[in-house]
Structure formats: structure tokens, C-alpha cells
Amino acid sequence: MNLRRDVFQAIADPTRRAILLLLASQSMTAGAIASNFDSSRPTVSKHLQILTECDLLKQEQNGRQVHYHLYPDKLKEIADFIMPFLKLWDDRFNKLEDIMKNHKSK
Amino acid sequence: MDGKHDLIITRDFDLPVEILFKAYVEPEIVEQWMGTKVEKLESKIHGCYRFLTPDGKGNNIGFNGTIHDFVHNERITRTFEMENSPFPVQLEFLKFSELPNARSHLEMHIVFKSVEDRDAMLKLPFAQGINMAHNRLQEILENHE
Chain P
1396 MNLRRDVFQA
1406 IADPTRRAIL
1416 LLLASQSMTA
1426 GAIASNFDSS
1436 RPTVSKHLQI
1446 LTECDLLKQE
1456 QNGRQVHYHL
1466 YPDKLKEIAD
1476 FIMPFLKLWD
1486 DRFNKLEDIM
1496 KNHKSK
Chain D
64 MDGKHDLIIT
74 RDFDLPVEIL
84 FKAYVEPEIV
94 EQWMGTKVEK
104 LESKIHGCYR
114 FLTPDGKGNN
124 IGFNGTIHDF
134 VHNERITRTF
144 EMENSPFPVQ
154 LEFLKFSELP
164 NARSHLEMHI
174 VFKSVEDRDA
184 MLKLPFAQGI
194 NMAHNRLQEI
204 LENHE
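Protein chains in written order, with the numbering used here: chain P, 1396 to 1501; chain D, 64 to 208.
Keep in mind that the hints were calculated from the coordinates and are not lab data.
Check the hints yourself; a few may be wrong.
Quick list of in silico lysine to any residue cross-link-like pairs, SDA-like style, CA-CA up to 20 angstroms [said to hold, decoys possible]:
{"#": "1", "chain 1": "P", "residue 1": "1496", "chain 2": "D", "residue 2": "71"}
{"#": "2", "chain 1": "P", "residue 1": "1482", "chain 2": "D", "residue 2": "131"}
{"#": "3", "chain 1": "P", "residue 1": "1490", "chain 2": "D", "residue 2": "176"}
{"#": "4", "chain 1": "P", "residue 1": "1490", "chain 2": "D", "residue 2": "167"}
{"#": "5", "chain 1": "D", "residue 1": "100", "chain 2": "P", "residue 2": "1488"}
{"#": "6", "chain 1": "P", "residue 1": "1496", "chain 2": "D", "residue 2": "117"}
{"#": "7", "chain 1": "P", "residue 1": "1496", "chain 2": "D", "residue 2": "69"}
{"#": "8", "chain 1": "D", "residue 1": "85", "chain 2": "D", "residue 2": "117"}
{"#": "9", "chain 1": "P", "residue 1": "1482", "chain 2": "D", "residue 2": "104"}
{"#": "10", "chain 1": "P", "residue 1": "1496", "chain 2": "D", "residue 2": "98"}
{"#": "11", "chain 1": "D", "residue 1": "186", "chain 2": "D", "residue 2": "82"}
{"#": "12", "chain 1": "P", "residue 1": "1471", "chain 2": "P", "residue 2": "1420"}
{"#": "13", "chain 1": "P", "residue 1": "1490", "chain 2": "D", "residue 2": "107"}
{"#": "14", "chain 1": "D", "residue 1": "186", "chain 2": "P", "residue 2": "1479"}
{"#": "15", "chain 1": "P", "residue 1": "1490", "chain 2": "D", "residue 2": "94"}
{"#": "16", "chain 1": "P", "residue 1": "1471", "chain 2": "D", "residue 2": "71"}
{"#": "17", "chain 1": "P", "residue 1": "1490", "chain 2": "D", "residue 2": "81"}
{"#": "18", "chain 1": "P", "residue 1": "1469", "chain 2": "D", "residue 2": "182"}
{"#": "19", "chain 1": "P", "residue 1": "1496", "chain 2": "D", "residue 2": "136"}
{"#": "20", "chain 1": "P", "residue 1": "1490", "chain 2": "D", "residue 2": "168"}
{"#": "21", "chain 1": "P", "residue 1": "1482", "chain 2": "D", "residue 2": "109"}
{"#": "22", "chain 1": "D", "residue 1": "85", "chain 2": "D", "residue 2": "69"}
{"#": "23", "chain 1": "P", "residue 1": "1496", "chain 2": "D", "residue 2": "85"}
{"#": "24", "chain 1": "P", "residue 1": "1490", "chain 2": "D", "residue 2": "98"}
{"#": "25", "chain 1": "P", "residue 1": "1496", "chain 2": "D", "residue 2": "81"}
{"#": "26", "chain 1": "D", "residue 1": "186", "chain 2": "P", "residue 2": "1478"}
{"#": "27", "chain 1": "P", "residue 1": "1490", "chain 2": "D", "residue 2": "74"}
{"#": "28", "chain 1": "D", "residue 1": "186", "chain 2": "P", "residue 2": "1402"}
{"#": "29", "chain 1": "D", "residue 1": "176", "chain 2": "P", "residue 2": "1422"}
{"#": "30", "chain 1": "D", "residue 1": "85", "chain 2": "P", "residue 2": "1480"}
{"#": "31", "chain 1": "D", "residue 1": "100", "chain 2": "D", "residue 2": "117"}
{"#": "32", "chain 1": "P", "residue 1": "1482", "chain 2": "D", "residue 2": "99"}
{"#": "33", "chain 1": "D", "residue 1": "158", "chain 2": "P", "residue 2": "1409"}
{"#": "34", "chain 1": "D", "residue 1": "100", "chain 2": "P", "residue 2": "1486"}
{"#": "35", "chain 1": "P", "residue 1": "1469", "chain 2": "P", "residue 2": "1480"}
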């Protein structure tokens, strides 16, 4: 694993994306999260560590248990990054639709 | 696989699929909606294309590619390359499908050489958008004088 720690690295891995989806509905312990995957426990722990370092997860101590919960603010960075690109295509596709509607009725 | 270096853009059109497909095949229509000049567009397997897009500064940016797969009203697989740029060639899978009520769906799947190349390419619209806004502003200001 390289040392880049940003939200884009966080979502680059399919297991990490699955973890984010799992935690979207509820906070969970590392053990409960790991039980959803075939990967070894240390592998899942490594993913949790990366997600935490990327500021997407926060740990919460509940007695002897540590729960991970999703901290989605950082996900907005991804949306902000990709929106202009999608907007560019959206504008083009709107134009395409307009042009072809006129074309069709000719 | 660590690192996803592709991007999927989807869109539903209020157009029958054959009309949507036509917008990708007929040069004069491509010119209109892509805002580019079409120098060459051979819509067939092993055909190639080249577009020249004005950059707003009096220059043209060239884009070209080769068509690898072409099935009418179904799919186009092609490469895409921006000339004189550091960006490596990318691969595009366009999938056209019919929807009920004379509507259609397009899935554009773009595969980049690396995550870094994808991210660099995604940053382009920012720069372009700013340039375009600047050009427009300049135009408005010049007319105002």
C-alpha cells in the first residue's frame, strides 16, 4: 500500500467501497464488519485503518467495544471533483437530444 | 485489483435508439452537439475518426481514435486520444439500448490507463470551464467598449 491518504484512494478498492456501504446504515464493530467478507481479519483491519486515515470512518468506544461509523463529509469531495465532468457530458447530451428532436420532426 | 481506473456515464434519452445512434454516426450532427469540426468519421470496424475542436484561443485541438467494434443501434467501441497532450489513449465502450415508449439509454464506459490519468482527465473540465467563462467574459467586455 502506498502512503497516499485521500478520499480517492479510499474508494479505489472494492472491499473498502463495500465497507462504506455497510456502514451507511449502521455503525459496526471490526469483527461484525469482517464477518461480511471472505478476506482475513487483518486484511479487513488494514482497510478500516485506511478508511479511518482518509477521514471517512470514525471510531467510537462503547465500553469494551469499538464501533466504526461513517463520516460522509469527505465523500462530498468526490462528488465535487466529478461533477464538472458529468456536467460537461450532461450539457452535451441535452444538446444532442434537442438537435435530434428537431431532426426527427423534419 | 487495487485502483479503479475507469468511469461510467449513463443517460436516458427521450429519443428512439436509432435516432440517438444517428447522432454518433452522421458527421454534421456530431459537429453540432459536440461543438467540434469533424475532419473524418468512418463509422465501421477498423474505421477511424478525427475531430478538431476550437479551444477559444484561435487554435484547434485534435482528437482521434480507431473504431474497434461497431454494431448499428447497439454499440461502438473506440479509442480516444487527445493530440499533443500528455494524456495516454483511452478506451471507450458505448452501449446503446432501447427503452419503452420510444426512449433510449446510453452507457459510456471509459477505461483510462491509470487512476492518475483518469484523475488528470477529470480535472480538465474545470480548466476548460474557466477558460470558456473567461473567453465569454472577454467577449462581453470587448462588445461593451
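We went through each hint and held it up to the structure:
{"no.": "1", "hint": "P:1496 - D:71", "result": "violated, 25 angstroms"}
{"no.": "2", "hint": "P:1482 - D:131", "result": "violated, 28 angstroms"}
{"no.": "3", "hint": "P:1490 - D:176", "result": "violated, 29 angstroms"}
{"no.": "4", "hint": "P:1490 - D:167", "result": "holds, 15 angstroms"}
{"no.": "5", "hint": "D:100 - P:1488", "result": "holds, 17 angstroms"}
{"no.": "6", "hint": "P:1496 - D:117", "result": "violated, 26 angstroms"}
{"no.": "7", "hint": "P:1496 - D:69", "result": "violated, 31 angstroms"}
{"no.": "8", "hint": "D:85 - D:117", "result": "violated, 23 angstroms"}
{"no.": "9", "hint": "P:1482 - D:104", "result": "violated, 25 angstroms"}
{"no.": "10", "hint": "P:1496 - D:98", "result": "holds, 18 angstroms"}
{"no.": "11", "hint": "D:186 - D:82", "result": "violated, 31 angstroms"}
{"no.": "12", "hint": "P:1471 - P:1420", "result": "holds, 18 angstroms"}
{"no.": "13", "hint": "P:1490 - D:107", "result": "violated, 25 angstroms"}
{"no.": "14", "hint": "D:186 - P:1479", "result": "holds, 8 angstroms"}
{"no.": "15", "hint": "P:1490 - D:94", "result": "holds, 11 angstroms"}
{"no.": "16", "hint": "P:1471 - D:71", "result": "holds, 18 angstroms"}
{"no.": "17", "hint": "P:1490 - D:81", "result": "holds, 17 angstroms"}
{"no.": "18", "hint": "P:1469 - D:182", "result": "holds, 17 angstroms"}
{"no.": "19", "hint": "P:1496 - D:136", "result": "holds, 17 angstroms"}
{"no.": "20", "hint": "P:1490 - D:168", "result": "holds, 16 angstroms"}
{"no.": "21", "hint": "P:1482 - D:109", "result": "violated, 31 angstroms"}
{"no.": "22", "hint": "D:85 - D:69", "result": "violated, 26 angstroms"}
{"no.": "23", "hint": "P:1496 - D:85", "result": "holds, 12 angstroms"}
{"no.": "24", "hint": "P:1490 - D:98", "result": "holds, 10 angstroms"}
{"no.": "25", "hint": "P:1496 - D:81", "result": "holds, 12 angstroms"}
{"no.": "26", "hint": "D:186 - P:1478", "result": "holds, 10 angstroms"}
{"no.": "27", "hint": "P:1490 - D:74", "result": "holds, 13 angstroms"}
{"no.": "28", "hint": "D:186 - P:1402", "result": "holds, 16 angstroms"}
{"no.": "29", "hint": "D:176 - P:1422", "result": "violated, 36 angstroms"}
{"no.": "30", "hint": "D:85 - P:1480", "result": "violated, 24 angstroms"}
{"no.": "31", "hint": "D:100 - D:117", "result": "holds, 8 angstroms"}
{"no.": "32", "hint": "P:1482 - D:99", "result": "holds, 18 angstroms"}
{"no.": "33", "hint": "D:158 - P:1409", "result": "violated, 24 angstroms"}
{"no.": "34", "hint": "D:100 - P:1486", "result": "holds, 18 angstroms"}
{"no.": "35", "hint": "P:1469 - P:1480", "result": "holds, 19 angstroms"}
Of the numbered hints listed earlier, those contradicted by the structure are 1, 2, 3, 6, 7, 8, 9, 11, 13, 21, 22, 29, 30 and 33.
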